[in-house]
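2 protein chains.
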Amino acid sequence: MVDPIVRRREVIKKLSRLGLDVWKELNDTRFPSIKLPSRSVRNIVYDEKERGYVLGDLYKVRTAANIAHLRKFAQFMWVAYFAKELIKSRKTSTLRDVYYSSQAYEISFDEQKESDDLITDLEAYIRHPREEMNIFPAERAAIFGELKIEYTVPGYEGRVVDLSQHPDGLMIGHAIKTAKFNQCKAERVFVIEKDAIFNRFIEERVFKKYKAILVSTSGQAPRAARYLIRRLNEELGLPVYIFTDGDVYGMHIAGVIIYGSANAAHVRELHTPDAKWIGVWASDIEAYKLPSDPFTDKDLKRLDELLKDPRYKDDPWRKELKRFKKLRRKSELEAFSRYGLTFIVDNYLKDKMEHFMSEEN
Amino acid sequence: MVDPIVRRREVIKKLSRLGLDVWKELNDTRFPSIKLPSRSVRNIVYDEKERGYVLGDLYKVRTAANIAHLRKFAQFMWVAYFAKELIKSRKTSTLRDVYYSSQAYEISFDEQKESDDLITDLEAYIRHPREEMNIFPAERAAIFGELKIEYTVPGYEGRVVDLSQHPDGLMIGHAIKTAKFNQCKAERVFVIEKDAIFNRFIEERVFKKYKAILVSTSGQAPRAARYLIRRLNEELGLPVYIFTDGDVYGMHIAGVIIYGSANAAHVRELHTPDAKWIGVWASDIEAYKLPSDPFTDKDLKRLDELLKDPRYKDDPWRKELKRFKKLRRKSELEAFSRYGLTFIVDNYLKDKMEHFMSEEN
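Chains as they are written, first to last, in my numbering: chain V, 1 to 361; chain P, 1001 to 1361.
Think of the hints as simulated: they come from the structure by calculation, not from any bench.
From the three backbone atoms N, C-alpha and C, an ideal C-beta is built for every residue, glycine too.
There could be a bad hint or two in this list.
[Claimed, not checked] Far from chain V by the CB rule (all over 12 Å, computed), these chain P residues:
1) Val1022
2) Glu1025
3) Phe1031
4) Ala1064
5) Lys1072
6) Val1160
7) Arg1318
8) His1355
[Said to hold, decoys possible] In silico DMTMM-like links for lysine to aspartate or glutamate, alpha-carbon gap of 25 Å or less:
9) Lys1091(P) with Asp351(V)
10) Lys148(V) with Glu1150(P)
11) Lys1211(P) with Glu157(V)
12) Lys1113(P) with Asp297(V)
13) Lys298(V) with Asp1110(P)
Whole structure, please, built from the sequences with the hints as guidance.
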């Protein structure tokens, strides 16, 4: 991880530069303009080096010379100003908060979507995620395992926390996300979509048996969790395995952790290309004869979307998507309890990891 | 708090007794039957001593002699058996898990609602919440503050955690819920509906300024959070103040923490009658000229329901419900950012607490 203090300086520098550039143009009696990376679908491309989705080379120019741009131009400048104020005053905020804060400055947004969009523009412009401008989402993921971390957030610098000492798990918020990794006894990371299974894994001492750090995403993984998963993979070299429900939504949860999301194609460091989707696969539903529910029309529609998504063109994605299409049934992680509460650990996890661990280096 | 080990024994005893009673009746060649407290609306009454909703004296008898009862009777016995197995084997589970587990025993439930209902019946029958039978909900509330706790869960007994050392907050799961309170420097509890405001309160050092333990409920407070809030109030004698969005849903979130929910009328210890709803009130929206949104039809319908709810017959509820009815507008906690990010702490919280703290003791 790049030192958070270095990052902070970088972001402040880029925001200052933006203001200075506009000021200079005004001072030269020119209409100021800004060149923004395009975030349109056309400009979202797969990057071989990053092994994830990134923005391409298309730009749009927003200029004060065009009356149709003027409002957005001014709003954009305010968002950048506000972000800089947040960082300098060491205060944090949320998307919702930025929307309301605008009113204190008599900047008017018609709805929150307007300010959200401009914050995303700003992320793309300075190439830093909004979290580095102290604009945080509500985070509800949790972590547990044999890893000691050291906080870097102001007021808590240097405090060490042993993540195996809190059996309810620690919330993955800004402080955990930016903590240093101090001492790690774990050898891999298990990412789990469902809290219930996260808790079962703690209870059945999966963290010991498999020397695994456990991360619960509570559904779609929040950005802080994705950032942390990548750091565990990159900085500690730990292989990452993802457990989701056996349906198209679970599959996509794994896909976003591995390849990133189109929404965040302009932000790097939120995907973990080497992470593996362990299941629940359509073929697991069949092999383990899991209790299952029929696909709804919505599920089928989503399935067809994923079949067209370039992220899912290879196996196991492709193979499993086709099986789902044929099977037209879905199963949750909890469905393994059909064979007893510990079956998921004693049998399913064991079967899967025998296969996957043999591939680890 | 009653010692968890004592509780555990009590629950096992009651479950064993249930099994023994049924066995005896069978052995005497009689049709076994069980007498269950009725959970119908008619039987949910306000209890002056508990200052919350409890079940009244109505019962229903479920008997194996009636063919229409037979299926439910057998399912109920299995649920009780399974709960006892969970406790004895020190494993935990969720509502969803119990539903799937039934299939391992060839007990068939048509849908999860069936098994959920029987678990609620069992709670009412033995008068213990399902958490004491190791059936847990997914919990996502968090806590922060100057309180040291000591875990009592197996494997972590005696470990002390300082809740002020984790700036992301600690998740309120089973381990925190059942921990001993070790050392408390706080003098009150602030319960907050929104994570964003919980984080702001940590950041603005509200826990220091007001010597407050901060609890984030992330919307409707999970049962573990409600149980913990009650314990903080009862065992440590700390006054509890609740901050919600200024709308009928926020109001009801406060109401459930204070008076309990009809769904859990059969479980004690989940409500905190002395807790106070601080706002956001309808009158706050007016007094602070907060940005607001118009009520939807759904909001208005919910408002009329609350006006008929006996829990909200006194002030401030009554007064504020009427104001909402007149105003027909709602504001979120984040709306205070209209006056700057720290306004909610520097002004709103200050104004409110000047009033409420003068009433403490």
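Results of checking the hints against the structure:
The non-interface label for valine 1022(P) is consistent with chain V: the shortest C-beta to C-beta separation is roughly 24 Å, beyond 12 Å. The Cβ of glutamate 1025(P) sits about 30 Å from the closest Cβ of chain V, beyond the 12 Å cut-off, so the non-interface label holds. With a cut of 12 Å on Cβ distances, phenylalanine 1031(P) stays outside the contact zone with chain V, its closest approach being about 31 Å. With 12 Å as the threshold on Cβ separation, the claim that alanine 1064(P) sits away from chain V holds: the shortest Cβ distance comes to roughly 27 Å.
Every CB of chain V lies more than 12 Å from the CB of lysine 1072(P), the least distance being 21 Å, so the non-interface label holds. In this structure valine 1160(P) is not separated from chain V by more than 12 Å, as the shortest Cβ-Cβ distance comes to only about 10 Å. At roughly 29 Å from the closest C-beta of chain V, the C-beta of arginine 1318(P) stays outside 12 Å, upholding its exclusion from the interface. The Cβ of histidine 1355(P) lies farther than 12 Å from every Cβ of chain V, with a closest approach of about 24 Å, so its non-interface assignment holds.
Using a Cα cut-off of 25 Å, the hinted pair lysine 1091(P) and aspartate 351(V) holds, with the two alpha carbons roughly 22 Å apart. Restraint check for lysine 148(V) and glutamate 1150(P): satisfied, since their Cα atoms lie roughly 20 Å apart, inside the 25 Å limit. A threshold of 25 Å between alpha carbons decides the hint, and for lysine 1211(P) with glutamate 157(V) the separation of about 22 Å falls inside it, so the pair holds. Using a Cα cut-off of 25 Å, the hinted pair lysine 1113(P) and aspartate 297(V) holds, with the two alpha carbons roughly 23 Å apart.
The straight-line distance between the Cα atoms of lysine 298(V) and aspartate 1110(P) is roughly 23 Å, inside the 25 Å bound, and the hint therefore holds.
In this structure, the one hint that does not hold is number 6.
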